[in-house]
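Chains as they are written, first to last, in the UniProt record's numbering: chain A, 1 to 120; chain B, 1 to 498.
What the hints contain is simulated information worked out from the structure, not anything from laboratory work.
None of the values given here were measured: they were computed from a predicted structure.
A hint or two may mislead.
Unchecked claim - Derived lysine to any residue pairs resembling SDA-like cross-links, with alpha carbons at most 20 Å apart:
hint, chain 1, residue 1, chain 2, residue 2
1, B, K110, A, S65
2, B, K277, A, G22
3, B, K179, A, R107
4, B, K179, A, E32
5, B, K110, B, R145
6, A, K46, B, S287
7, B, K277, A, L35
8, B, K277, A, R107
9, A, K46, B, L37
10, B, K179, A, K119
11, B, K277, A, G48
12, A, K46, B, T35
13, B, K179, A, Q118
14, B, K179, A, G48
15, B, K179, A, L109
16, A, K46, A, D34
17, B, K179, A, K46
18, B, K277, A, V36
19, A, K46, B, K110
20, B, K179, A, L88
21, B, K179, A, D90
22, B, K110, B, A137
23, B, K179, A, L38
24, B, K179, A, L33
25, B, K179, A, G23
26, B, K179, A, D115
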Amino acid sequence: MSHPGGGDWEEASPERLYVITGGRSSTSAPVELDLVTLIVARSRPKPGMQPEHAAIIELCQSPLSVAEVSAYTGLPVSVVTVLLGDLLADNRVVARAPVPPARLPDRALIEAVIDGLQKL
Amino acid sequence: MIREESSPGSGSPRSAAAFGWLLPAALTAVATAITVLLVPTPARVPVAVVGAVAAVAVAAIGAVAARRGRVIDSLRRAVAERDSVLAHQASQTAHLAGTLLPDVVERLRKGEFPEDVLASLNAPEAHHAVVRTVVDAVVAEEDLRESAQRAFVNIARRVQAIVHQQAQELREMEDRHGKSPDVFGDLLRLDHGTALIGRLADSIAVLGGTRPGRQWSRAVPLYSVMRGAMSRIIDYQRVELHSVSEVAVTGPAVEPLIHALAELLDNATRYSPPQTKVHLTAVDVQSGIAVEIEDGGVSMSEEARKRAERMLRQAQQGIDLNDLGETPRLGLAVVGRLAQVYGFQVSLRPSAYGGVRAVLVVPQDLITTTATATGLAHGIGAASVPRTTLPPEAVQAAPAPQTTVPPRTPAPTRRPTGPVASEPDPVVVERTPNGLPQRRRKAPAVAPAAPTTPASSTPNAAPEQEPTPQVQPGMWLAAFQSGLSGESTDASQGNKQP
């Protein structure tokens, strides 16, 4: 039988993304990761690592943003974020925000001020 | 009378028997004659008359008796004849039932043509007719079964096509919504469910006597194959993938192997407690690669193990779809079937963990090197699907900051077994057709080296030096650009059309 779009299908990989992330879709990383967070590896890849972890560490010998890592590995950002979360938890990479966003006051603080003003 | 009396002694036995009936009449006549001589003269005439009448009567009786005797004889002979004919027929019928028909049915099962079977038949005409009727019935039955099987396979193929389409679209969506973890998580779940449906359709196709799902033209690394198998079972999170030899599986064997491993993994996870892990490893053996699946579940009793292995064997001899309703472990039938077609050796043994240890040996001729392999594990970047959802400018911009990256480490050394000549220069900076600089990464993106080391590396190869240069982000970019510029546009367009 014919497969619709069969030729293209062949180029894909037999492994689905959920196997790579172990079924997780969001990270438990201690650090907030966004697209422009820079990632630097702390070490060389160790044997026995998951291939994707090793690939990220290899890529991140020099600082790379999360978006770049995602593009190079061909994996969606969420997958990369999950993988980076694992690496961060293991202390294999360091993440740092390139430009700290302007510090806005806490929302709670603003609300408290509004409440205070209304009470006047 | 004396002449007649003497004749039995001198004549043939036949004539003696024929005239034996005259003997009583002759005796009566003789007795009458003697009596006539002895009685006084006046009584002679009456006595002679009575004697003559008696002799005639006895002769008549004798004649009747003799005739009846002959009739009885002929009847007896006829009965004996019929008995023997009957016995012959009985034995022939027994032959027909006990030898001929089973033989004919067996030959038909083996796929001989009904005409040939009938022509080579050595049996009486009547039996020929019986056999012909039976052959017709069997052929009609087989045709029915075959068409039913074809219908199954047909439906399975359609489901497979839909599932493939869906999986592809899901992958596109995963790429598109990769930035929002919630949507992404839902997509992953959908993706997983789709893969499970696909496996079921594959199973039906295999049991219908065809090959499972899709075809792979290129070799796929064993690691990817094993993760592919993991991705098709429900409890993939419980599977612990251990070190894997750095080899690839030839294209035609990829899908069967994935499917067989998925079925074995499914059995392992299904029949072990949910909190236990299932261990998945692959090691080199003399005859190829042995993939081991070990669970910590309930041990199979010797009897259950024998039953399972019998089912595997039976499946290798061919499966009757009608029998499957009774076998709860559909998977083993599928595995047996695949093993038979592709030459895998499957065995189930008690595990040291207490559960079952399934070993599947992939023969050497289905194994190749990873050089030409595709798949995520060994080809991140190079082998992944170009993602047309990204704006090309963004991707092109990505490598730009790296143009000045200096060589960081000494040139990588390959494994001692590898061809040293093919070692690339890590500092080479190339330019793409668009003039963008292209950095060569000196180490593989990957894992190939990583998972193998414990199993197969030689002692003098330090793990850090092991990576083989296989994947270069720049190459991926080039592929992406060529894809955009139209070299493979037909493929990606075909992809999008429903």
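Results for each hint:
no., hint, in the structure
1, K110(B) with S65(A), "violated, 64 Å"
2, K277(B) with G22(A), "holds, 14 Å"
3, K179(B) with R107(A), "violated, 25 Å"
4, K179(B) with E32(A), "holds, 14 Å"
5, K110(B) with R145(B), "holds, 15 Å"
6, K46(A) with S287(B), "violated, 30 Å"
7, K277(B) with L35(A), "violated, 35 Å"
8, K277(B) with R107(A), "violated, 45 Å"
9, K46(A) with L37(B), "violated, 146 Å"
10, K179(B) with K119(A), "violated, 42 Å"
11, K277(B) with G48(A), "holds, 18 Å"
12, K46(A) with T35(B), "violated, 142 Å"
13, K179(B) with Q118(A), "violated, 40 Å"
14, K179(B) with G48(A), "violated, 29 Å"
15, K179(B) with L109(A), "violated, 30 Å"
16, K46(A) with D34(A), "violated, 26 Å"
17, K179(B) with K46(A), "violated, 28 Å"
18, K277(B) with V36(A), "violated, 37 Å"
19, K46(A) with K110(B), "violated, 56 Å"
20, K179(B) with L88(A), "holds, 19 Å"
21, K179(B) with D90(A), "violated, 23 Å"
22, K110(B) with A137(B), "holds, 16 Å"
23, K179(B) with L38(A), "holds, 16 Å"
24, K179(B) with L33(A), "holds, 11 Å"
25, K179(B) with G23(A), "holds, 16 Å"
26, K179(B) with D115(A), "violated, 36 Å"
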